[in-house]
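> The chain contents come next:
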Amino acid sequence: MSELPSRTLLIEIGTEELPAGAQRALAQALANALESLLHKQRLSARKIQYYSTPRRLAVLAFDVPATQPQQLIERRGPSLDIAFDNKGRATAAALGFAHSAGVDVAELQTLQTPEGAWLQLHRVQPGLPALEILSARLPRMLTSLPLPRRMRWGEEKAEFLRPVRWLVARLDKQIIPFMAFGLSSSGTSFGHRFHHPGPVELPALTNYSDALLSARVVVDADERERRIRQKVTALASEHGAIADAPDLLFTEITGMVEWPSVLEASYAPEYLALPEPVLITTLVHHQRFIPLREASTRRLLPRFIAVLNLESREPEQVRHGLERVVRPRLEDARFHYQRDRKRNFETYFKDLGALTFAPHLGSMAEKSLRLVRMAPRIAKIFSVDTDQLERAAYLCKCDLATGLVIEFPELQGILGGQYASESGESKAVSAAISTQYLPAGPNDPLPDTPCGLALAFADRLDTLIGGFAAGLEPTATKDAFGLRRAAFGLIRIAADSVSSINLEPLLEEAAKLYPQELDTQNSAPALHAFLVERLRSLLLDRGAAADVVNAVLAVAPLEPADVMARIEALTALRRHPEIIALAAANKRIANILRQAQRHSSPMDSTAPAAPLESAEQTLETALQQASKQIASSLNAREYPQALNTLVKLYQPLNEFFDSVLVMAPDRSVRHRRLKLLSRLQTLFLSIADIGKLQQPTIPT
Amino acid sequence: MNQGRPRTFQELISRLKQYWSKQGAALLEPYDLPMGAATFHPATFLRALGPRPWRGAFLQPCRRPTDGRYGKNPNRGQQYFQFQVVLKPSPEDIQTRYLGSLEALGVDLSIHEIRFVEDDWTSPTLGAWGLGWEVWLNGMEISQFTYFQQVGGLECHPITGEITYGLERIAMYLQEVDSMYDLIWHETGQDVLRYGDLYLRNEYEQSLYNFDLADIQALSTRFTAAEISHRKLLSAGALMPAYECVLEASHVFNLLDSRRALSVTDRQRRILQVRRMASGLARAWIESEPSI
Chain A
3 MSELPSRTLL
13 IEIGTEELPA
23 GAQRALAQAL
33 ANALESLLHK
43 QRLSARKIQY
53 YSTPRRLAVL
63 AFDVPATQPQ
73 QLIERRGPSL
83 DIAFDNKGRA
93 TAAALGFAHS
103 AGVDVAELQT
113 LQTPEGAWLQ
123 LHRVQPGLPA
133 LEILSARLPR
143 MLTSLPLPRR
153 MRWGEEKAEF
163 LRPVRWLVAR
173 LDKQIIPFMA
183 FGLSSSGTSF
193 GHRFHHPGPV
203 ELPALTNYSD
213 ALLSARVVVD
223 ADERERRIRQ
233 KVTALASEHG
243 AIADAPDLLF
253 TEITGMVEWP
263 SVLEASYAPE
273 YLALPEPVLI
283 TTLVHHQRFI
293 PLREASTRRL
303 LPRFIAVLNL
313 ESREPEQVRH
323 GLERVVRPRL
333 EDARFHYQRD
343 RKRNFETYFK
353 DLGALTFAPH
363 LGSMAEKSLR
373 LVRMAPRIAK
383 IFSVDTDQLE
393 RAAYLCKCDL
403 ATGLVIEFPE
413 LQGILGGQYA
423 SESGESKAVS
433 AAISTQYLPA
443 GPNDPLPDTP
453 CGLALAFADR
463 LDTLIGGFAA
473 GLEPTATKDA
483 FGLRRAAFGL
493 IRIAADSVSS
503 INLEPLLEEA
513 AKLYPQELDT
523 QNSAPALHAF
533 LVERLRSLLL
543 DRGAAADVVN
553 AVLAVAPLEP
563 ADVMARIEAL
573 TALRRHPEII
583 ALAAANKRIA
593 NILRQAQRHS
603 SPMDSTAPAA
613 PLESAEQTLE
623 TALQQASKQI
633 ASSLNAREYP
643 QALNTLVKLY
653 QPLNEFFDSV
663 LVMAPDRSVR
673 HRRLKLLSRL
683 QTLFLSIADI
693 GKLQQPTIPT
Chain B
4 MNQGRPRTFQ
14 ELISRLKQYW
24 SKQGAALLEP
34 YDLPMGAATF
44 HPATFLRALG
54 PRPWRGAFLQ
64 PCRRPTDGRY
74 GKNPNRGQQY
84 FQFQVVLKPS
94 PEDIQTRYLG
104 SLEALGVDLS
114 IHEIRFVEDD
124 WTSPTLGAWG
134 LGWEVWLNGM
144 EISQFTYFQQ
154 VGGLECHPIT
164 GEITYGLERI
174 AMYLQEVDSM
184 YDLIWHETGQ
194 DVLRYGDLYL
204 RNEYEQSLYN
214 FDLADIQALS
224 TRFTAAEISH
234 RKLLSAGALM
244 PAYECVLEAS
254 HVFNLLDSRR
264 ALSVTDRQRR
274 ILQVRRMASG
284 LARAWIESEP
294 SI
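Protein sequences appear in the order of chains A and B.
Residue numbering for the first sequence follows my numbering, beginning at 3 and increasing consecutively.
Residue numbering for the second sequence follows my numbering, beginning at 4 and increasing consecutively.
To be clear, the hints were calculated from the coordinates, so they are not data collected in a lab.
No residue lacks a Cβ here, since even glycine has one placed at the ideal position from N, Cα and C.
Accuracy of the hints is not assured; some may be wrong.
Okay, the calculated beta carbon distance ranges per label pair [what the hints assert, rightly or not]:
no., chain 1, residue 1, chain 2, residue 2, range
1, B, I219, A, E348, 27 to 35 Å
2, B, D123, A, D249, 18 to 26 Å
3, A, L74, B, D123, 49 to 57 Å
Same shape as in the complex, but just chain A:
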């Protein structure tokens, strides 16, 4: 086949500053949309690349066919008998078919097959030019991209993430003409907002990024991030320092500049006396500056690097400005820090009475005291010293009343730990306070001390009970009180803790610590179900099969570690043919019992006269034996063993079904057999509801 002529395609959406976090994903969505459009139009490109900066999203498609390949269209119409009347005139059927195909009847052909003859449309449709197709389809594609947020501007009806100010759409040298966002597409781009505000000609699209580079725009986000990292590292090492910034900060900065330059600035060394998290939060979270550390000691230096979107004519003035922004923030922090430390940490407890925990749930002081009262019970579970946990519980919310935490709410806990340690609290207590909010996210670590785990656990237990009782239960879209996160944290701590924790009795006990007016009983079932759901999603995340999870959660207590042990055992055996057979038998028992119950008559307590049949006797004996063994296996939480014992019941059960009629005509005999099955079912359900296991579709 000869090479068809191909083109390079460029689309650039010029915008006002897009949110830093959304650019790459949106550029990728643009590339995906274009790829699927080209594919549908039989114009697939060899390669598609996307670009993003704060002021543009672009996609470049290489080797797009200049026209669609021609297409053979064949459609079968009515049979000849129907298509023409006996005088050979075209009937309505033939005319209709021709009309729908957009041709005259005379242009249709005849298709001969052994079954008969039909009218047929047979046409070679020439491909349309890519330019024509794109100009018709791009507007819709561009205005229906998946946006994280949408807004309107001016008099425009179309929505985008921020206002769109120019549109480049080119196929090599040609402009693809269309209107979108109230703009006509054009052939020229624009450069950097300050360095090159004018238009940028794009003579050859394959040199798109070079053309923009000369207009002071590094259009490739990955390339820009590389440059930023490189510049930052180089500047840091000039000062004998290393840059200390999370990857996320680099990504965010990349979304804030088109032409990165770096500048080093400093603050007064006396501010280094502030707790490090305060400095980091001020620099990184508030200002997006990159803190510097001494290379050898990793000690924080009173210096930082700012990544700018400007190569300033007078960087000294910018540095002066940056330093002026940081100073009052740090000064404010220092003021609070010094004042906070004039009081011993424990004295802040008296201020907690004025801090509301949540509507209807009283004050933070009351919350702390509930945690203290819970401490002896929780301490035992986590094998920590009760006094220690009580102390940590008493102090854990005190930092909420300090000036520094009011200024830096994101540092709650961390600053509390610091203040506690400065006030002479033990290491264990301080550490527990500082890690009490862990894990905050799904990938966060758990608190790294037993006392910390115990405190974080108790705090969440209390929050969840109170939150549900006060009607703050999360909905699909809203979770103002952070209960989903709290539940997930609680489950994770329970699941990964050294000892197995049954949440059910703990929920009950912790609920009693709230005043009686708060109806914690009423909301308990909803909370229980909510926790089961969080546990379910944790298990699925960790790779458990959905049916195994369902089978176990149907019967197991709300005890994550125990649930996990059952799941492990069941997962190992689930493809075992006997388990599959047992599952089927289990369903059969359930059906029999259900039906029997429907036509139930009062149980006959008189011993039946008829002796046990032999299969019945065998099953009875096997069941008694298995019950004993399983009870002791369950006691020891040896679920594989329990399951193995269960499996051994299959044989006698099968024989019982084969030779014994359960629904015997004699009522007392019938009851005896039903009772036997019911005991069997109870035994099954003591491990998992194996009836919930999915049968493999291909028999093994």
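Using the hints, position chain B against chain A.
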């Protein structure tokens, strides 16, 4: 064009007025009732509703009682000045026009770094939200830039672009002082009048009132009275006075808040009440507008 930096606070204000006047904005005066932000000025809130084009600019003193620090914090006070520009429909070159205003203040854009940092704005009491940015000058926030999407619970069309300058911040930057009370408000020869001369005492005494002295019972009564009047005035078709009831309720709410007189639920309830008032007014305003 470039006259260097304004040396005084009042010159800063007059430069902005001059600049925006040349951009076609009508220069209005402050509204004469207390409000938490210039967005409450009828020239913003009411003009953002409905189809009519509008360009206006004005200075507005704003009160945020909880931000008071008895005059002890150099950056924060219970009263401060906003300069606000509202352009409806938001013009295509609105950002360039804004940058022009910074140049009019003597900010050289080839020296100083200006950055538009994502910032979404919501006003729970006004039932309004918009998308836009904080504008940073060498890392310092100096303006808020918002495209209103909804006002008083109603979708906007056309869209109003709102630019709000925090004047104390900008002036401190331009005058290179570390406390807003040291700002030069006006000078003639050797005579220097500072911001503190005008407002430090006010700041202290108003903080006393806001935090310690305001009569909670009386405030609560005022809130209820504003709500009742609002309802009556709305049904009587007296919308401007009804709108003033929204301003009153909102300000009284802020005072109750700074007196720590509101429980969390109470707070939420009152925010919803003010929003209902604002939304009711916005609807009535739209319905009545063609008849004016």
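> Could you run down the list of hints and mark each one as holding or not?
Each hint tested on the structure:
Here the CB-CB span from I219(B) to E348(A) is close to 31 Å, well matched to the stated 27 to 35 Å. In this structure, D123(B) and D249(A) meet the distance hint of 18 to 26 Å, their C-beta atoms being roughly 24 Å apart. One distance hint, 49 to 57 Å for the beta-carbon pair L74(A) and D123(B), holds here, with the actual separation near 53 Å.
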